[in-house]
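> Protein sequence lines, in the order shown, are assigned to chains U and G. Counting from 1, one number per residue, gives the positions in the first sequence under the working numbering. Counting from 1001, one number per residue, gives the positions in the second sequence under the working numbering.
It is worth saying that the hints were derived from the structure and are not from the lab. One or more hints might be untrue.
Where chain G lies over chain U, by a calculated footprint (3+ residues, C-beta under 8 Å) [unchecked claim]: (1) 102-113; (2) 117-128; (3) 434-446.
Heads up, incomplete: computed chain G residues facing chain U, CB under 7 Å, no partners named [claimed, not checked]: (4) Val1013; (5) Ala1407; (6) Leu1433.
Values in this document were obtained by computation on a predicted structure and should not be read as measured data. All C-beta atoms, glycine included, are put in the ideal place defined by N, C-alpha and C.
The primary structure of each chain is shown beneath.
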Amino acid sequence: MWRMAFDIGGTFTDFVLAGAGVAPRFLKAPTTPEDPAAAVVAGFERLLDEAGLAAGELSTVLHATTIATNAIIERKGAPTALITTRGFRDVVIIGRQKRYETYDLHMEKPPPLVPRRAILEVTERLAPDGTVEIALDPESVEAAIDAALAQGARSIAVALLHAYANGAHEAAVAAALAARAPALPVSLSSVISPKFREYERTSTTLANAYVRPVVGAYVRRLQGALAARGFAEDFFIMQSAGGLISPEIAEAEPVRIVESGPAAGVLMAAEIGRAAGEDQIITFDMGGTTAKLGAVDDGRPAVTQTFEVDPIRYRPGSGLPLNVPAVELLEIGAGGGSIARADIGVIHVGPESAGAAPGPICYGQGGTRPTVSDANLVLGYLNPDYFNAGEMRLDAEAARAGIERDIARPLGLTVEWAAWGVHAAANANMERAMRIVSVERGRDPRRFAILAFGGAGRCMPRAWPRGSALRASSCPSVPVSAPPSACWARRRASRRRRPGFWASRPARKGRWQKSSPAWRPGPGAMSRGSAWRGSRRGGVPAICATRDRATRSAPSCRRAISTGPGSRRRGRPSMPPTRRATATATRRQRSRRSTGT
Amino acid sequence: MSATAIDPVGLTVIWNSLLGIAEEMGSTLRRTAFSEAVREGDDFSTGLFDAEARLIAQGNFTPGHLGSMPYVIESMLDYFPREALRPGDAILMNDSALGSGHFPDCFLASPVFAGDALIGFVVNTAHHIDVGGAAPGSQRVHGVHEAFQEGLRILPVRIVREGAFEPDLLRMILANVRVPAKVEGDLRAQLNANQAGAERFARLWESEGAGVMTAAFNAILEKSEARMRELIGAIPDGTYSFDDRLDDYGPGTPPIIVAVDVTIEGEEIEVDFSRSGDQVPAAINAYLNYTRAYTVFAVKVFSDALLPQNAGGMRPIRTKAREGCFFNPTFPAASGGRAAVQIRIFDAINGALAQALPGRAMGAFSHWSNPNIGGIDEATGKPFVMYDLTFAGYGGRADRDGAEALAPVMNCRNIPIEVHETNNPVRIHCLELIRDSAGAGRHRGGAGLRKDIELLAAEATMTLLGDRHLNAPWGLFGGHSGARAETVLNPDGNAERLGSKDVRRLVRGDVVSFRLSGAGGYGDPRERDPGAVRRDIADGYISPAHGREVYGVEEKERSE
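This is chain U alone, in the form it adopts within the complex (with noise of 0.2 Å):
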């Protein structure tokens, strides 16, 4: 049987199809964000007439998609009533009230979802352990009720103080609400996220509710839409902590699916790792404006109990909490668009990006500030014929001058030397980060491989072995969109075959140098001499190492940097061949031979 999945970012749209035996298709298509349904069933449609397949082949369909986040990060939720205790109307307009910049009182908090107005009191009360205190008043539900209908509400949240001990009351608001306006949606607290603590819990019923009628309109026009096309089996959406929900589940509590998109590029990593015989894994997914860490623990991908939706340039205690499970992400404003500048004699990166449009210099598509993919193209980790799979060009000597003009003149550097130092600021921030993930959560970095993957990804984690003490890292030979690769991964360990994405079996160092120049040591790795070096693995063809004996000696930053760019690499790197060609050719090999055995 055949199965499709595809994942909605926010440029592109992400398909893959798979059936046994045979190699799976990809497509890429433009992401439609005025109506993202279109974008999906026109890719669906295509990729099926590619294959000559119709929609009734596919046992399963499976989904990953921003849209509960983009609706909450562009405050275009549905008009949202908030019913609460009397007396604590306020408490998501206060918050935890904490700055998360110490030093800035020209500051502003993350604007709450619901206007203040929006905002409606019942009396009642319920003590810590759930006793009731005040019973719900009646006539205060209506009154509630009478307002919300009137100010228009689309939706309707509600959270009492000490729900999660006794959601009674919450559930005789529900009740009196579904007597009044039955086709409202209503959530609960005591429901979505029975948690003490009210400023979160209120926030996370808060956003089910306000992305609710927008999730809820998407999923049945998606469903709709597929089943007019002759598709009626399983079709699942990818939650935030990596399972699969129904598109009923994923209407009811769409804020599970708040982190559906990046949840799938760590279950991606579980799966190579289990393949490849790693089970602690440190993920990196490296994207164009920030770049998002996570960890597989024992095999299994590491949820966290809740996190932040919309944080305002990626500082801790500055987006809205949610208390929803999550695979545990970690994202810094640190891509390959992040704009670099010099202040104060050192180099700074992000979390200002260029984003794609008009994205880093080298583009050519009216980016002036020189951002890390530009500094990684003048050190030649970049192939300027060949980038995104010959599709675009880029421009190194623009390049070359924002780096010269805006961080090597200021600071006195050559240009590669300043390019290093771009490089080398992403890696801190990324290593700072990765710290976070590793020691400050209890993980020994030790022990733990690093798999990096998304369109930046692959061009930076060299370096950390060193810094952070990770053991080794990798990535996937095929510049991948993590949620279909995740789908297909799991599928394909799931019959106990090897994932077919190791660039190639690193055991014989000649030709894995040959296949993957993207994967020449860089300037840091140099300094150690041969402490590049394919997997040690015996025949698992999965770890492309730095593991790094090397970490022990530490070679210092200087003298990273004295060997760098400036003396062994000024040149031109040697073109990398047609890197996803092979690695397609690779894998469909691979797959041929693996269902003919």
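Dock chain G against the given chain U, drawing on the hints supplied.
Then chain G, alone, in the frame of chain U:
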């Protein structure tokens, strides 16, 4: 100055690593602490020093601690010379004059060694919710005349040897506090934080080498100083003065004059509090370390909010106050409640610098409320201390309204109602913004905040720590003052008005209603965008009558 040169790339990486170590110490402390103040409230700070006792890096925590840290190691070295220190040692200290101005803030400093060589220090300070003394929470203002009434005073002692607490010292400390389990838990968390920081600091040092690290330290301090000088240099020269006052230092006492003269001269700034009142016989005096901490904070706010803090950036800032003045008292001046003063230090400097930098200034803050309620919890039979933090609004700013309900000056989180009610015998009846309390202006201030707390235990002692009950938070450039604060005992009974630093015995069923002041406005309210006024009416921040009378905007109240 630096013998070895350091390149910008290496400096970038090392500086980031040092800041990362300070942050990691903080998260270790938070994750392993026992008390609500540390675990929930983030009332702590961390720092890294070099072997010369110069502050090199700090985490992004509360500035009163951060700004008092620079001299802490120097003071400790007077008691423990470098050669007396061993790996695994930690020195504890909570003296008001040497530390951050009151006994609850306990500093724990650990020397860091690379091999046998002392390479620096890691320090953290945490607010302990009780260190003994006259009242639960050790912050009682009224009726406390000298430091000896305030609890345990710890001059630097070596409380940890070879990574283990000295049991004798620990026993003595814990015997003198009301909540020994929480104090011990927090002390151990402080040691965890230092151990985590020291290990990383030593590893960084060993991987980079002494020469590079020393060069990096020098460069960090020099560059920070140079940037601070540049920023101060951009402020027009002159002396700018401002006078404000604190309500009192207990029922029936006179106001405390807060007068500041800020002099900008080239690339240096001097902030002189000498015209302020004398030290007072109550536990609210601001020792110079504390005055300096918030002076540095204010200067940073007016210059570059994001510049990392270290000794270099503080060099061009001089804080002065005559000896015996409220802002530079002499021991044994009592100071447990000095936290009430921090906002006023900022307000006064803000008022002065508004003349030089009107675009960076803001109306006066709502004050805050930091009461402690302590007694015996009948559910457990043990003492409890409810340490509370309530924050209201910011003053109106040049380009927008003041923020609603945000930590002013100090930077802590509040303590959730459900956490308070679960851990302490109290019931909180409301926590809500107060209508019509915000100072009107083209950009209005944030609203005041009301919180009503009922005692469920048989009896308890309550010490109040607030202000702006008598002197409203002022507005700037035509902006109005916010509404004054009130503290009312039993608002539905005889509604007795309490002073902002009152001390009361509460009995079961007593309700204390805290009503924080509104923050000051910025600019003439008649210039306010009528759309913003209507929005405020619809959201209940102001009444239609207030909109009409103060802003000149007619709007009917929407029914809800």
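> Determine for every hint whether it applies to the structure shown.
Each hint tested on the structure:
With 8 residues carrying a beta carbon less than 8 Å from a beta carbon of chain G, the stretch 102-113 of chain U meets the three-residue requirement, and the given coverage holds. Residue count for the stretch 117-128 of chain U with a Cβ under 8 Å from a Cβ of chain G: 4. That meets the three needed, and the coverage hint holds. For the stretch 434-446 of chain U, the assignment as covered by chain G holds, since 4 residues bring a beta-carbon within under 8 Å of that chain's beta-carbons and 3 suffice. Here the hint on Val1013 of chain G is kept, as its CB sits about 5 Å from the closest CB of chain U, short of 7 Å.
The beta carbon of Ala1407 of chain G is positioned within 7 Å of a beta carbon in chain U (closest approach about 5 Å), and the interface hint is therefore held. With a least beta-carbon distance of about 5 Å to chain U, the hint placing Leu1433 of chain G at the interface is held under the 7 Å criterion.
Against the hints set out earlier in the document, no violation occurs for any number.
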